[in-house]
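Engineer: Hey, can you work out the whole structure from these sequences and the hints?
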Amino acid sequence: MANIWNTLSRKSTPVLRWIRSHKVWSAVILLASWIILELVTLPFGNVNSLKSSTPNETAFMRMHAERAAEEGKPLKKIQRWVPLGRISRDAVNAVIVAEDGTFWSHAGFDWFEFKESLERNVTEGRAARGASTITQQLVKNLYLSPSKNPLRKLKEWILTWWMERTLSKQRILELYLNLIEWGRGIYGIEAASQTYFGKSASALSREEAARLAAVIPNPRIFRVERPTRYLERRSQLILNRMAARGF
Numbered sequence: 000m001a002n003i004w005n006t007l008s009r010k011s012t013p014v015l016r017w018i019r020s021h022k023v024w025s026a027v028i029l030l031a032s033w034i035i036l037e038l039v040t041l042p043f044g045n046v047n048s049l050k051s052s053t054p055n056e057t058a059f060m061r062m063h064a065e066r067a068a069e070e071g072k073p074l075k076k077i078q079r080w081v082p083l084g085r086i087s088r089d090a091v092n093a094v095i096v097a098e099d100g101t102f103w104s105h106a107g108f109d110w111f112e113f114k115e116s117l118e119r120n121v122t123e124g125r126a127a128r129g130a131s132t133i134t135q136q137l138v139k140n141l142y143l144s145p146s147k148n149p150l151r152k153l154k155e156w157i158l159t160w161w162m163e164r165t166l167s168k169q170r171i172l173e174l175y176l177n178l179i180e181w182g183r184g185i186y187g188i189e190a191a192s193q194t195y196f197g198k199s200a201s202a203l204s205r206e207e208a209a210r211l212a213a214v215i216p217n218p219r220i221f222r223v224e225r226p227t228r229y230l231e232r233r234s235q236l237i238l239n240r241m242a243a244r245g246f
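Counting with numbering that gives the first Met the number 0, you get residues 0 to 246 for the letters of the sequence shown.
No wet-lab data here; the hints were simulated from the structure.
Fair warning: this is a prediction, and the values are worked out from it, not measured in the lab.
A hint or two may mislead.
Claimed, not checked - Below are the DSS-like pairs computed for lysine-lysine, each with C-alpha atoms no more than 27 Å apart in a straight line:
1) K50 - K168
2) K198 - K76
3) K50 - K76
Structural biologist: See below:
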């Protein structure tokens, strides 16, 4: 055994010598290898399966459940899946104008919004404005995390590109509306509609739809059942945008 170890040590000596004398390059190679490994293990197959399967859980759902368990506050999950055709057209339009006005025409990324967001964030020195499309939000919700690190963002872009080429726009929107959070433990528009308005998502009025769309950025702070001045202003802005676009 000792002889084998000595042989392996002698054979690896040139490698170890190179690593010691090229520390920067060694670190770069190690980092690049790690990034490549992270990217090649992305869930491309899972995205393909979304053509016909409906996920019961997302990365965000698991994260919320884990945090609730750590805090000792059990999280009751409420979710009811509903086909896109059974969601109020007003609700669909309200979400689109609120979150991604060019959803039907872009290929996963709204570069104009990205540029505007970048310029404003640089000017204000903080993340004052987001520019994620509905597809990007869905990818992050399903597979990633709220983290803003560059590698997470790169994964999001790659999976967004893949999702737009794998799924129809209608399917992406259906998944999004059924999986995003609308309050603590409330996932999907049908569960939100039943919880807050006591009706199916197919029966939502324009005003109710606008209020639901208004809380999407942070449904744990902006509560549908507790309208604030900000929430009322945002709801009215969404209604105005809908009217301006003929919805």
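Engineer: Would the hint linking K198 and K76 be met if the CA-CA limit is 27 Å?
Structural biologist: With Cα atoms ~18 Å apart, K198 and K76 stay inside 27 Å; holds.
Engineer: Mind checking the alpha carbons of K50 and K76 for me, to see if they're no more than 27 Å apart?
Structural biologist: holds (24 Å)
Engineer: Could you grab the alpha-carbon distance between K50 and K168 and see if it respects the 27 Å cut-off?
Structural biologist: holds (11 Å)
Checked against the numbered hints given earlier, the structure satisfies every one of them.
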